[in-house]
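Protein chains in written order, with the working numbering: chain W, 29 to 308; chain R, 657 to 888; chain X, 201 to 457.
Calculated directly from the structure, the hints in this document are not laboratory data. Since the model is a prediction, treat every value here as computed from it, not as a measurement. Mixed in with the good hints there might be a few duds.
One-sided and incomplete, this derived list gives chain W residues near chain X with beta-carbon spacing under 10 Å [stated by the list, open to error]:
hint, residue
1, ARG171
2, HIS182
3, HIS258
Covered stretches of chain X (chain R as the covering partner; in silico rule of three or more C-beta atoms under 8 Å from a C-beta of chain R) [unchecked claim]:
hint, stretch
4, 380 to 391
5, 411 to 420
6, 438 to 444
7, 447 to 453
Glycine residues also receive a C-beta, built at the ideal position from the N, C-alpha and C atoms.
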Amino acid sequence: MTHDPGYNFAYLDEGTKRMVRRAVLKAVSVPGHQVPFGAREMPLPYGWGTGGIQVTASILGPQDTLKVIDQGADDTTNAVSIRRFFSRVAGVRTTTRTRDATVIQTRHRIPEMPLREGQVLVYQVPMPEPLFRLEPRLSETRRMHALADYGLMHVKLYEDIARHGHVSTAYNYPVMVANRYLMSPSPIPAFDNPKMDNMPALQLFGAGREKKIYAVPPYTRVRSLDFEDHPFRPHRADAACAFCGARDSYLDEVVCDDRGGRMFICSDTDHCETRQEAAR
Amino acid sequence: MSRRLWTEGLGKTFQLHLQGGLRMPVLDNVDMVVEAGECLALSGPSGAGKSTLMRCLYGNYGADRGRIWIRHDNLDVELSAADARTIREIRRRSLGYVSQFLRVIPRVSALDIVAEPVVAQGSSQAEARRRAQELLCRLNLPERLHGLPPATFSGGEQQRVNLARGFAPRYSVMLLDEPTASLDAANREVVIQLILEARRSGTALIGIFHDADVRDRIASRLFQVQPIQEPA
Amino acid sequence: MSVPLLQAEGLNLRFGTTTALDDVGLNLHPGEVVAIVGESGSGKSTLLRVLSGQLAPADGSVLYRDADGRSHPVHAMSEAALRRLMRTEWGFVHQSARDGLRMGVSAGGNVGERLMAVGARNYGGIRAQAAEWLRRVEIDDARIDDLPRVFSGGMQQRLQIARVLVSRPRLVLMDEPTGGLDVSVQAKLLDLIRNLVADLGIAVLLVTHDIAAARLLAHRILVMRHGRVVEQGLTDRVLDDPQHPYTQLLVSSVLAA
Numbered sequence: 029m030t031h032d033p034g035y036n037f038a039y040l041d042e043g044t045k046r047m048v049r050r051a052v053l054k055a056v057s058v059p060g061h062q063v064p065f066g067a068r069e070m071p072l073p074y075g076w077g078t079g080g081i082q083v084t085a086s087i088l089g090p091q092d093t094l095k096v097i098d099q100g101a102d103d104t105t106n107a108v109s110i111r112r113f114f115s116r117v118a119g120v121r122t123t124t125r126t127r128d129a130t131v132i133q134t135r136h137r138i139p140e141m142p143l144r145e146g147q148v149l150v151y152q153v154p155m156p157e158p159l160f161r162l163e164p165r166l167s168e169t170r171r172m173h174a175l176a177d178y179g180l181m182h183v184k185l186y187e188d189i190a191r192h193g194h195v196s197t198a199y200n201y202p203v204m205v206a207n208r209y210l211m212s213p214s215p216i217p218a219f220d221n222p223k224m225d226n227m228p229a230l231q232l233f234g235a236g237r238e239k240k241i242y243a244v245p246p247y248t249r250v251r252s253l254d255f256e257d258h259p260f261r262p263h264r265a266d267a268a269c270a271f272c273g274a275r276d277s278y279l280d281e282v283v284c285d286d287r288g289g290r291m292f293i294c295s296d297t298d299h300c301e302t303r304q305e306a307a308r
Numbered sequence: 657m658s659r660r661l662w663t664e665g666l667g668k669t670f671q672l673h674l675q676g677g678l679r680m681p682v683l684d685n686v687d688m689v690v691e692a693g694e695c696l697a698l699s700g701p702s703g704a705g706k707s708t709l710m711r712c713l714y715g716n717y718g719a720d721r722g723r724i725w726i727r728h729d730n731l732d733v734e735l736s737a738a739d740a741r742t743i744r745e746i747r748r749r750s751l752g753y754v755s756q757f758l759r760v761i762p763r764v765s766a767l768d769i770v771a772e773p774v775v776a777q778g779s780s781q782a783e784a785r786r787r788a789q790e791l792l793c794r795l796n797l798p799e800r801l802h803g804l805p806p807a808t809f810s811g812g813e814q815q816r817v818n819l820a821r822g823f824a825p826r827y828s829v830m831l832l833d834e835p836t837a838s839l840d841a842a843n844r845e846v847v848i849q850l851i852l853e854a855r856r857s858g859t860a861l862i863g864i865f866h867d868a869d870v871r872d873r874i875a876s877r878l879f880q881v882q883p884i885q886e887p888a
Numbered sequence: 201m202s203v204p205l206l207q208a209e210g211l212n213l214r215f216g217t218t219t220a221l222d223d224v225g226l227n228l229h230p231g232e233v234v235a236i237v238g239e240s241g242s243g244k245s246t247l248l249r250v251l252s253g254q255l256a257p258a259d260g261s262v263l264y265r266d267a268d269g270r271s272h273p274v275h276a277m278s279e280a281a282l283r284r285l286m287r288t289e290w291g292f293v294h295q296s297a298r299d300g301l302r303m304g305v306s307a308g309g310n311v312g313e314r315l316m317a318v319g320a321r322n323y324g325g326i327r328a329q330a331a332e333w334l335r336r337v338e339i340d341d342a343r344i345d346d347l348p349r350v351f352s353g354g355m356q357q358r359l360q361i362a363r364v365l366v367s368r369p370r371l372v373l374m375d376e377p378t379g380g381l382d383v384s385v386q387a388k389l390l391d392l393i394r395n396l397v398a399d400l401g402i403a404v405l406l407v408t409h410d411i412a413a414a415r416l417l418a419h420r421i422l423v424m425r426h427g428r429v430v431e432q433g434l435t436d437r438v439l440d441d442p443q444h445p446y447t448q449l450l451v452s453s454v455l456a457a
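The following block holds chain W by itself, in its conformation from the complex (with noise of 0.2 Å):
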């Protein structure tokens, strides 16, 4: 497969992609500290995933396989585009198929299947920040991940469980890097937070509209902070997937007719049919 010639190998400019890459070993250098980087404007609108785009398009190359997800599905206007757009601009194969891929760029999920070495997990993240909504004053934030002075964090959970009896933080449920940095994982369900300790596979991160780059490199622990008394505790709905009839995924819950009547399927809807194809 070959790209559309009126593009550089993978839409960005070469310059661009070697300044996203010194970002990027410098956050895989510092696990979970945020890197800043000069994001660039991309052909689609903030909220779309343009910092995922660009750290992929950087680290993207010809003998790639992509696989592009988007609340865990393959199918969505987001990742059909996201798809569309690198097999036109830089002529690399892509797949549905978790365990084909060498780059997976995602929006809001970890697949199912366990990744391995060699792989690479992009996530798409609005909001690096994961102290944003506690101490508004970016200046302030920067010097509490300085200092690693992260009391203010726990004040947040302690809250949550005095108002709801639990940590009501379903998603982008914070975390810490390396015993070392604070860090968001993305809106990602609490459910999949243990899927990023000691993971085989090298996680990025990029916001583009708040300019940021961070990382976490192969097999580092990643810990969802928590009390000793109300320790964390991934939720998934108590349910079997419809289709697959899957008892440990995560879960969407789907209306299905105007009478309140509603089911429960994988949101990995790769991991779904494979295990269907399985039954078959």
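Following the hints, position chains R and X against chain W.
Same frame as chain W, now just chains R and X:
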């Protein structure tokens, strides 16, 4: 000789900067001494500076000239040159002062006001309260008042709380400024007994007593405070 | 004689042509309560900020002796060390509760923050301590989950005090803690501070222009004017026998305190 508190050439002049720097000499060249077990009564016409002398002895007013000495912790300490922390220490353990008026502390009960300096001398809270209770009863303060803050008490009741607070701890020197003013005969008698007991236990006392009858019964000596002659 | 907790010497600082501090020195001993009085602009709040390391003087030194007996030049400490001190051995009570509290966080969360900042990770334990401290500052512990913005001004100040004292600091700096409160509320707050400080043996530096508050709380007073300490000493001596013209003016302008 067991001197407890003495002065050498003590002088005090007030300078009123708000009134064009007016200088008001009140004490000049005062030499006095009080020994253990003595009660020295200050005498002299009103305005002679008796209260000023008392306040100087307590460290409440600074001495401009001369020295004030006190026996504290088996040492002669120059009170007139001591820093604030030393004066606080001396007041906590060696030097008591009973003024005519109680400085009411909001929301603190009469019992705790009296117990406070006893606790400060190292007694337990319970011991201090027992001692406070005993003294308040002796001074005939109705028991129902012990738990109340004295802000709403009558003048006589407040004065008795004040006396109890002064006599509850053990001091080696006590300064008494009109301790029996506004007391009825029965309570005046209690105070006289308290003072005599203190003398017997070796406390040195200096007081201003306008009531001649009281003074005659408790004072061992008179000390004349002379008004300063205004320069002509 | 104990060793001072805080030792400041020869502090000088100018803001443009204004002299904020002019050769100020100060020793504070463990358990001692010292009031800094003076009118607005006299340099008292600046002094507090310099002593607590938030502002560097042009000249002079501030030494803090920590619980282990080690001396630290406050202005040479790393920001991390200073912050650690600020949430463990030191505490700051602000004039405005908005500066001293997190208004969007419950009363319990406000009190628990210092515990969590130093590593407390047991929710039940943190909550129990928060409840105890609310009671100690006379706030009904049933209000532990209320936001401070529904509290009265006096309660907010008491909550601020609980939030600071929960970590058992050795030194508390207070900047006009009773400012802006009704007189009756002030009295209650002062009494509370007085008792807690005496019970816990905390050293306090209290900046105030309220002479009555200084008389009630402080063992010692510093009178500041135009950045200089014009008079200092035993509280009742300074207030009853003021020597400096400015102190005489200050004392005479107050109704019987």
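Legend entry - Proposed interface contact between HIS182 (chain W) and chain X, which counts if any beta carbon pair is under 10 Å: holds (4 Å)
Legend entry - Coverage claim, chain R over the stretch 447 to 453 of chain X, checked by counting residues with Cβ within 8 Å (three needed): holds (count 3)
Inset, instruction - With chain X as the partner, please determine if HIS258 (chain W) meets the hint condition of a C-beta pair closer than 10 Å. - result: holds (5 Å)
Inset, instruction - Please count how many residues of the stretch 411 to 420 of chain X have a CB within 8 Å of a CB from chain R and say whether that reaches 3. - result: Since three or more residues must qualify, the claim that chain R covers the stretch 411 to 420 of chain X holds, with 3 doing so at under 8 Å.
Legend entry - Verdict on chain R covering the stretch 438 to 444 of chain X, where coverage means 3 or more residues with a C-beta closer than 8 Å: holds (count 4)
Legend entry - Status of the ARG171 (chain W) interface restraint (C-beta, 10 Å, chain X): holds (7 Å)
Legend entry - Coverage claim, chain R over the stretch 380 to 391 of chain X, checked by counting residues with Cβ within 8 Å (three needed): n = 4 at 8 Å, threshold three: holds.
In summary, the structure agrees with every hint in the numbered list given earlier.
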